[in-house]
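**Q** Listed below are the residues making up each chain.
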Amino acid sequence: MTLAELICPAGTPAALRTAVDAGADAVYCGFQDATNARNFPGLNFTPEELGDAVAYAHAKGAKVLLALNTYPPAGKVDLWRHAADLGVRLGVDAFIVADMGVADYIARTHPQARLHLSVQAAASSPEAIRYYCENFGVRRVVLPRILTIPEIRQIRTEIPCEIETFIFGNHGLMVEGRCSLTNYLTGQSTNMNGVCSPASDVEYARHEDGSMSSQLAGFTIDRFGPDEKAGYPTICKGRYTTSNRAESYYAFEEPISLNLSRLLPDLIDAGVHAFKIEGRQRSKSYVRNVVRAFRQAVDDIRNGRAANIADLVALTEGQKQTQGAFETKKWR
Amino acid sequence: MSLRIEAANSARWPGNLLASRLACGVLQPILTRIVRRIAARHPSLFARLGPYQTADFVIDPIDLPFAMHLRPDPDRLLFRAVPRDAAPRADAVIRGRFMLLLELIDSQEDGDAAFFSRDLDVTGDTEAVVRLRNALDDVDTSIAEDTAAMFGAPGRAVLARLRRGYGADMEKD
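Protein chains in written order, with our numbering: chain A, 1 to 332; chain B, 1 to 173.
None of these hints come from the bench; they were simulated from the model.
Among the hints, a few may not be true.
Only pairs whose alpha carbons sit at most 25 Å apart, straight line, appear in this in silico DSS-like list of lysine-lysine [unchecked claim]: (1) A/LYS320 / A/LYS330; (2) A/LYS229 / B/LYS172; (3) A/LYS320 / A/LYS229; (4) B/LYS172 / A/LYS320.
Excised from the complex, chain A in its bound form:
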């Protein structure tokens, strides 16, 4: 049986402490700039806060993973290099990287540092994963959310590094790290600026009939009826009218969250080393409840008991959940 480490999100120092106290084995977080894919207003860590957070986590036996998982624009790598140097100085336990240039810099400058390959690198084949392992010393890959458990089991036998999979949270898959939808409307890039649907471009409007519409950069991307559950204002989860359908529909993806709580034993059996919970943009309440639930479940499984999974549907997007491609590639 693998260790099945629980990797938990933190958007603020208080969330990090909440995650550690709730039983996280490791917490991932980022700086307050474009070096990470949750570069949201008021979120993330100053260098001083990260130093304190590392001390707090280490004192309680937890690790801190620093997300440097965006792509620097050509020739503008200083911000990412500086963040990596800072992370080493502050004692983070690993870097989560997507860009080969960033990986190469850390591998050469800080050869003792541990590298994890971000889901943003979209490495889903043994060949791609081995390339990162052989060239940059990557020790763990975070797999894209497009693989079945039998495929993960097979990949595990063909790569020299650990596997981490998402088990809960936002289910925005497509080709991760290569999403240009937000950029198309707002001019800001998910991949390079770390901003998917920047809040400054989001607006919600209430209508007299009780419905609510969400807009991004002036474009309406969904309208929810008075009693309909809502989702994030992202283009990939917008509802559109097209010429080949009588009614508007979710053309790319639906507002829904991943929840693999029932598949944990299968994932462990397939050789997954670490389970990742999405949600650095979420509250301490979310972190506390989700981390506690999965801590309990993983401990039950590791002790040979049936996992008692708490109901987390109230925390899911659109209050709907799926096992996605992990269960079947026909999930949509």
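Given chain A, put chain B in place with the hints provided.
**A** Just chain B, lined up with the frame of chain A:
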């Protein structure tokens, strides 16, 4: 963008306009005390607000006969109860049941989940709301309990009773 709370909201409290103004008058010194105490105990939350320290937020507990106006400017803090028909122009409006709003401030409830379920309504400048949410979420201690403690045992008893009632309501839902 600036908004004005719809006059229709005041229609939920017909005949209560006088009561609303009285309640606002009674509450004002208490709200001022509360917000000054929070600011003094948690100065770091202002940094997360960034340029939105001077934004005007209207927080509208739909089950109370008044709204609240917050301007989280550390140099000139403003937190006051306002009758809905006299609500100021706001950069952002946050609307929901009182206990939900209180539990969101205290990170006992998740804002995104409340938004998904449509129990929380947000209009106006979304970035202002996101910054305020993240600033409050980085507070380790319970703002509600700190506030209740200002009023001693009676304050704590009221908060406990409100929370019991809210918990019972949630179970019914």
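**Q** Now, for every hint given, state plainly whether the structure supports it.
**A** Against the structure, the hints:
no. : hint                : verdict
1   : A/LYS320 / A/LYS330 : holds, 17 Å
2   : A/LYS229 / B/LYS172 : holds, 19 Å
3   : A/LYS320 / A/LYS229 : holds, 9 Å
4   : B/LYS172 / A/LYS320 : holds, 20 Å
Hint violations for this structure: none, all hints satisfied.
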